[in-house]
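Student: Residue numbers (the numbering used here), protein chains in the order written: chain W, 16 to 149; chain Z, 16 to 149; chain H, 16 to 149; chain B, 16 to 149.
Careful: at least some of the hints might be erroneous.
No copy is singled out in the list; a pair is fine if it fits within one copy or between any two copies.
Here are the simulated lysine-lysine pairs, DSS-like style, with alpha carbons at most 25 angstroms apart [said to hold, decoys possible]:
no., residue 1, residue 2
1, Lys106, Lys118
2, Lys118, Lys147
3, Lys47, Lys118
4, Lys106, Lys47
5, Lys147, Lys103
6, Lys103, Lys118
7, Lys147, Lys47
Treat the hints as calculated values from the structure; they're not laboratory data.
The chain contents come next:
Protein chains: 4
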Amino acid sequence: MTELFEFGRRVLGEQPFSVLLGTELEVLEEGKAVLALAVREELKQQHGFVHGGVVSYLADNALTYAGGSVLGDSVTSEYKINYLRPAKGEKLVARASVLSSGKRQAVCQCQVVAIADGGERVVAVAQGTITKVE
Amino acid sequence: MTELFEFGRRVLGEQPFSVLLGTELEVLEEGKAVLALAVREELKQQHGFVHGGVVSYLADNALTYAGGSVLGDSVTSEYKINYLRPAKGEKLVARASVLSSGKRQAVCQCQVVAIADGGERVVAVAQGTITKVE
Amino acid sequence: MTELFEFGRRVLGEQPFSVLLGTELEVLEEGKAVLALAVREELKQQHGFVHGGVVSYLADNALTYAGGSVLGDSVTSEYKINYLRPAKGEKLVARASVLSSGKRQAVCQCQVVAIADGGERVVAVAQGTITKVE
Amino acid sequence: MTELFEFGRRVLGEQPFSVLLGTELEVLEEGKAVLALAVREELKQQHGFVHGGVVSYLADNALTYAGGSVLGDSVTSEYKINYLRPAKGEKLVARASVLSSGKRQAVCQCQVVAIADGGERVVAVAQGTITKVE
Chain W
16 MTELFEFGRR VLGEQPFSVL LGTELEVLEE GKAVLALAVR EELKQQHGFV
66 HGGVVSYLAD NALTYAGGSV LGDSVTSEYK INYLRPAKGE KLVARASVLS
116 SGKRQAVCQC QVVAIADGGE RVVAVAQGTI TKVE
Chain Z
16 MTELFEFGRR VLGEQPFSVL LGTELEVLEE GKAVLALAVR EELKQQHGFV
66 HGGVVSYLAD NALTYAGGSV LGDSVTSEYK INYLRPAKGE KLVARASVLS
116 SGKRQAVCQC QVVAIADGGE RVVAVAQGTI TKVE
Chain H
16 MTELFEFGRR VLGEQPFSVL LGTELEVLEE GKAVLALAVR EELKQQHGFV
66 HGGVVSYLAD NALTYAGGSV LGDSVTSEYK INYLRPAKGE KLVARASVLS
116 SGKRQAVCQC QVVAIADGGE RVVAVAQGTI TKVE
Chain B
16 MTELFEFGRR VLGEQPFSVL LGTELEVLEE GKAVLALAVR EELKQQHGFV
66 HGGVVSYLAD NALTYAGGSV LGDSVTSEYK INYLRPAKGE KLVARASVLS
116 SGKRQAVCQC QVVAIADGGE RVVAVAQGTI TKVE
């Protein structure tokens, strides 16, 4: 495990909300981050799908991690998400990457997929700006 | 209490994720929704502020409620959020309203404010599209 | 006329694209900007409405002007727009205001209205981030 | 040339605004569209770069073309764009593709690149929703 990955995992453990949800860091390398979340009843909405807010949270956090991999300590300044289909399955995975970065900001994109029965489907796509904390 | 408000409150109680977070419906009337959330340790990130994912969740849900107040059973199709400042205080309140609506979709805006020491500050603004479930 | 307004008008005259389209600055004061554009055949799409790209241009430019009124020389870093209805009429007006600003960036919102027969209708809403040029 | 491409080119010729700007359709196939625009003085802003409104227009139009390739006659309902760097060069090219589509809507992404001295650089990325005209 790299130092960057170790650092990322420690930060995730210091986010009480990520601990509450059960998020795990799968990948963190320069320009790229993957976060995963096991689906459980508590994360759903009234129709039995994962709540959009959970999908958004995961996308937002993956965007921040991707941006942070090149900027250091960072926050999401803004993002936009399109939900493509209901999120159902055993696990959600958010894969984010950096499209462009400068000294203070990075623009990143993210896909969130739902894994069910061994297959995966894209459930949301997001795009946003990550800003270095100074 | 109106029938619409009662219905909205029941739906919120049927969203396990909203129950997990502790969200409350404060207002639901035609074209307008207000959701509130008491801030607690579990909802924070590593710097002690409310996690952006919580702010996003609240904005997303308020947008859906506002859109749903004119469309009936609805989901958020997409939205965009700008975080304006760190979210800290005792309570978050998301106020959403419908800007325009047709048979199938409504475009809504939302402000999320943080309440601290009796005052409030806008911490995020969001804009998105709500789609009727058919 | 204030110095700020004079400056804004001069900059608009230095944007060849704004001159090509015929954009006029109606208001520029701290935190607020209004741009207007007379509708003519050349600005339309195939269904006879003003092209979405024109509406976007006007919103984008109004956002930059609003942000620039508090930041100085600025560019739009990102924005999102929802088209609410077809843009038709004699004139488009984009009204933008600053929601929040720091040293380097401002978050702004904008409404674009179409004026027809003396009345006006909102045709688009936008939200974005303006960044100071350094 | 396919029928779809022929149709797309005819529609572009029926958009007075696209004719004013000089936009050309380079590719239109199921789920994919490429639009190009030669840079000229009239399309610039005050710093000598292509005006953001032109970049937005091209992204918006490419998104609509991509969505339209699977939906038929369509309009952009909403989109978000991040400008990554100043747009300069001889030509702008917007490449859009469909991420997901249903009967009435498609979610699409687009990259706008600037071509200069034979090389290209991404100057903007966009993501949005295209809706079938009914």
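Student: All the hints need checking, so say for each whether the structure fits it.
Tutor: The hints, checked one at a time:
1. Lys106 <-> Lys118: Answer is neither; intra-copy 34 angstroms and inter-copy 28 angstroms both fail.
2. Lys118 <-> Lys147: both (8 angstroms within a copy, 14 angstroms between copies)
3. Lys47 <-> Lys118: Cα proximity of Lys47 and Lys118: one copy only (17 angstroms, versus 29 angstroms across).
4. Lys106 <-> Lys47: For Lys106 and Lys47, only the intra-copy Cα distance (20 angstroms) is at most 25 angstroms; the inter-copy one is 30 angstroms.
5. Lys147 <-> Lys103: Close across copies (19 angstroms), not inside one copy (33 angstroms); limit 25 angstroms.
6. Lys103 <-> Lys118: between (38 angstroms within a copy, 21 angstroms between copies)
7. Lys147 <-> Lys47: Within. Shortest intra-copy distance 16 angstroms satisfies the 25 angstroms Cα cut-off; inter-copy 28 angstroms does not.
In summary, the structure is inconsistent with hint 1 from the numbered list given earlier, while agreeing with all the others.
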